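**Q** Line by line, the protein sequences give chains A and B.
For the first sequence, this note's numbering begins at 29 and goes up steadily by one.
For the second sequence, this note's numbering begins at 237 and goes up steadily by one.
Errors might be hidden in some of the hints.
Simulated crosslink set (DMTMM-like; lysine to aspartate or glutamate; CA at most 20 Å straight-line) [said to hold, decoys possible]:
1) A:Lys181 <-> A:Glu111
2) B:Lys307 <-> A:Glu35
3) B:Lys400 <-> A:Glu35
Simulated from the structure, these hints should not be mistaken for laboratory data.
A quick note: this is a predicted structure, and the numbers were derived from the prediction, not measured.
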Amino acid sequence: MKLDAAERAIIADALIACAREMGEKLFRSAFSTVVREARDASASVLDAQGAIVAQADLIPMHLGSMDRTIRPCLEAFPRETWEPGDVFITNHPYQGGQHLPDIFIFTPVIVDDQLIGFAATIAHHIEIGGGALGPNMFATDLHQEGVIIPPTKINLARDWNGGPFERLFRANIRVPDQVIGDLNAQIAANSVGESRLAALCRKYGADAVKSAMSDLMDYSERRFRSAIAAAPNGTWTAEDSIDDDGFTDEPRTVRVRVTIADDEIVVDFTGTDAQLRSNLNAPLSSTISAALSCLKSVLTEPDLPFNSGCARAVRFVVPEGTMINPHYPAPNRARMEVCYRVFNAIMRALAAPLPDRVIAGGYDSTVSFSLSRLDGDSFRVCMEVFGGGYGASSTADGCDAVDSPLSNCANTPVESLDMEYPYFQVCEYSLRDGSGGEGIHRGGLGFVRHYRILNDDVQLVFYSDRFRNAPEGLRGGLSGQPGGLELIRSGATLPPVGKYTGTLRTGDEIRLFTGGGAGFGTPSS
Amino acid sequence: MQSNGGRLPAIGIRRNAIAALFSGPAAGVVGALNQVARSGFCDIITLDVGGTSSDVCVVDAGQPMLTREFKIDGLPVRTPMIRIVTTGAGGGSIVRQDEGGMLRAGPQSAGADPGPACYGRGGRQPTVTDAHMIRGTIPPDVKLGGTMPLDIDAARAAFGPLAKAFATSLEEAADNAIRIADSNIVRAIEITSTELGKDPRDYALVAFGGGGPLHAARVADALGMTTVVIPANAGIISAYGLLVADFTLHDSATRRIRLDADAPAEIRRCLGEARQRLRDEFAAMRMTGPFSEIRTLEMRFRGQAYDIPVGVADLDGLTEDRLRADFLAAYRQVYYYVPSGDTPIEIMGVGMTMSQLSREDVALGAADVAAGTPSPGRVFENRRWHDTQLYRQGTFPVGVEMPGPIQIEDVTSTLFVPEGWSLRRDEHANLIVRKVEAS
Chain A
29 MKLDAAERAI IADALIACAR EMGEKLFRSA FSTVVREARD ASASVLDAQG
79 AIVAQADLIP MHLGSMDRTI RPCLEAFPRE TWEPGDVFIT NHPYQGGQHL
129 PDIFIFTPVI VDDQLIGFAA TIAHHIEIGG GALGPNMFAT DLHQEGVIIP
179 PTKINLARDW NGGPFERLFR ANIRVPDQVI GDLNAQIAAN SVGESRLAAL
229 CRKYGADAVK SAMSDLMDYS ERRFRSAIAA APNGTWTAED SIDDDGFTDE
279 PRTVRVRVTI ADDEIVVDFT GTDAQLRSNL NAPLSSTISA ALSCLKSVLT
329 EPDLPFNSGC ARAVRFVVPE GTMINPHYPA PNRARMEVCY RVFNAIMRAL
379 AAPLPDRVIA GGYDSTVSFS LSRLDGDSFR VCMEVFGGGY GASSTADGCD
429 AVDSPLSNCA NTPVESLDME YPYFQVCEYS LRDGSGGEGI HRGGLGFVRH
479 YRILNDDVQL VFYSDRFRNA PEGLRGGLSG QPGGLELIRS GATLPPVGKY
529 TGTLRTGDEI RLFTGGGAGF GTPSS
Chain B
237 MQSNGGRLPA IGIRRNAIAA LFSGPAAGVV GALNQVARSG FCDIITLDVG
287 GTSSDVCVVD AGQPMLTREF KIDGLPVRTP MIRIVTTGAG GGSIVRQDEG
337 GMLRAGPQSA GADPGPACYG RGGRQPTVTD AHMIRGTIPP DVKLGGTMPL
387 DIDAARAAFG PLAKAFATSL EEAADNAIRI ADSNIVRAIE ITSTELGKDP
437 RDYALVAFGG GGPLHAARVA DALGMTTVVI PANAGIISAY GLLVADFTLH
487 DSATRRIRLD ADAPAEIRRC LGEARQRLRD EFAAMRMTGP FSEIRTLEMR
537 FRGQAYDIPV GVADLDGLTE DRLRADFLAA YRQVYYYVPS GDTPIEIMGV
587 GMTMSQLSRE DVALGAADVA AGTPSPGRVF ENRRWHDTQL YRQGTFPVGV
637 EMPGPIQIED VTSTLFVPEG WSLRRDEHAN LIVRKVEAS
């Protein structure tokens, strides 16, 4: 169906508004701090084939690959098996998902027996069971990391709200009220999206809405391709490494070869190190999301609506058995560190042809910090995700003390933590002077957070990267400072670490310091 | 004037200057509300279309919605203010084809200088105002502000490249541009109505500002609204608001109260304290009432971070069950879903708004004028030209209902009543536009 210029723009805008409203409602009705405050959740509208049409601009990592996540659901459950009230749910890293805490829910939107598309949300859940209270840093296979939900179809009336699926799931996680509450927020956001899409179909007709969906993807593809075409043709290689493999101090390296040929890009990761025994592997969906996020941020204007149309202009070569496309059952809870090196390696490769569009290396690490406690028969879990300083660009200093670019989470206000968690307190939260690399433009600063533990038997799980290897500057800019964590016990400060799992007691203190970004351009003396 | 729509004497505002942050837009809402309330409209959505942007606000039973979540220059503002949503769609909004081939209107604006191409001040880019000229919703011989002639040839020249790019006539390109601007306004209204569980069909659309009356009928149609009201002397609505606003103070306190059998007594106690504080504050300004009060509880499921406001109309009849039922109903309205089971509910804040009514009683009505004879006009809509009856504002008779298409030209704005809608001017000089039942 051919739409006129106004209809096409109006329906496209409504589709994007629908995804944005879903995202907003998801945070506002969520229960855990990680969703309601840190906003580690995302929403999108998919078409009837599962292609991404529109998404809320939330967590870049979540979205670039949602089309890959729904595909196994649709393959496992043909259309004729669907009943009213069915939704799809999955968190399986080896069947299109990312890591186990990221649970996807897809709600079909059906108008007059016609499948229009799906309302989709993903949230990072605060707890997902598994072999440890908090992330299991010693896991050597996926099963030790938590409950696996394969691509599954459940019926909300029959299986949820006290039904068998919810009961089974609830029994396998440690803080069910928060996790189930957040899943309910996802279901609610999806039903908002479902009703908005249905209303659009009633207003403009289902055919018009479907045409607008496909037009919107074509539109993004056109803009993405014209941005690629504006860059010079050529092939560039680069690499970046994570500090270690999780069990030894050996760095592990992502290698990339980026080829721009007219309006297409080939991103080839041949030569990247093999999959790891630890949880630092990134499943394929995560790798692709990280790579697309980098390409979009370097090449395009911020107002380009991201969707599956963009991905049509990119071809990926990601060898199997590497740490960025591992085989089952490699664990992958801490996938983000290597995803950031994917991001950094592509950014470095593009620095040669597009020096004014890239930024220097930032701290670019996920600092996962969790303080948990078993109090009687009930668990309390506090999980936060931190970043540090951004790399500087040719036009500006790097941003200070924010989450790293792929996750885009907000921080949880100290006041919220105080209300929620009685077993620790935050004594200091400040910028870390001197942590940004000097340059014509300075790298962003990391920050310091100082905690005091108020009860015995508090479990701390901490992992990060860029503890040994600092981010590199561009065009003579200096490196940023690495980050880490110090434990202060009985007045003595223990040597800093980049990863830690252990039990804390009353009076222990933690000094967490995150790294700064690198500078851009040779600094004047 | 405060951002919350209430006035305070200088002595009061001096101690709390932040309360005046958005006094201008708030005055517009209050002015429009007061003028159309004379005609009996108290559930309204206001639409103020200016040169660079449009402001919309929802008013329930004479009370503009308030918000405490606002940012200015990245800094949070937590004093209660009228919840006005702004979108970059105004008369000066530039119409363009972006690099992906999509038609867009705004948020870039030609401003007042050079302004739209038809201003003849050197503007070359097509704007929403130029589109209105081309499709005739602004009549070709109109003088802006009564004095400034407009250059329709310049408007047509500015739209030439767009018409060519989309392979349409000039008129169709102009009409498409207005549809995009309308849609941006519709989105702004949805953000503050449907997204909060309010149905726009329960409201009248009150349009003012230079462009409001031009867009009103189609915006209303897109939202299923069937009544549009143009307040008399729409150009001076904000000044009027400053004159007639009530005197208002707010009190809010964070009180974490678990919803159980003891909750109603505790709420009554907290509200009693708030009432006393507010009366003391008014007394310090030498105001002694009589006062009216509105009571609001901020409620949530325990563990959430955002509250839902729940009004307390009947304080004496307040019970645990009543509160729970009201909260769940409000929750479902916003989220379309209520978690089952027995998730505990809590009250996080107790708020009271106290007002002393303004004693000024000023009407904005125009003097009675004998009915004049309309001249013929024409407007391009839905791919064809429509003949219209073109009246000067004062010359449209009072009390007569006439079918569209009609255009009313005023010094500061132009009203377009499309086919399928009717127009009546009531005894308060407000123009009432209604959707005619489909035959």
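**Q** A separate judgement is required for each hint: does it hold in the structure or not?
**A** Status of each hint after checking the structure:
no. : hint                  : verdict
1   : A:Lys181 <-> A:Glu111 : 10 Å, holds
2   : B:Lys307 <-> A:Glu35  : 32 Å, violated
3   : B:Lys400 <-> A:Glu35  : 18 Å, holds
The structure does not agree with numbered hint 2 stated previously, though it agrees with all others.
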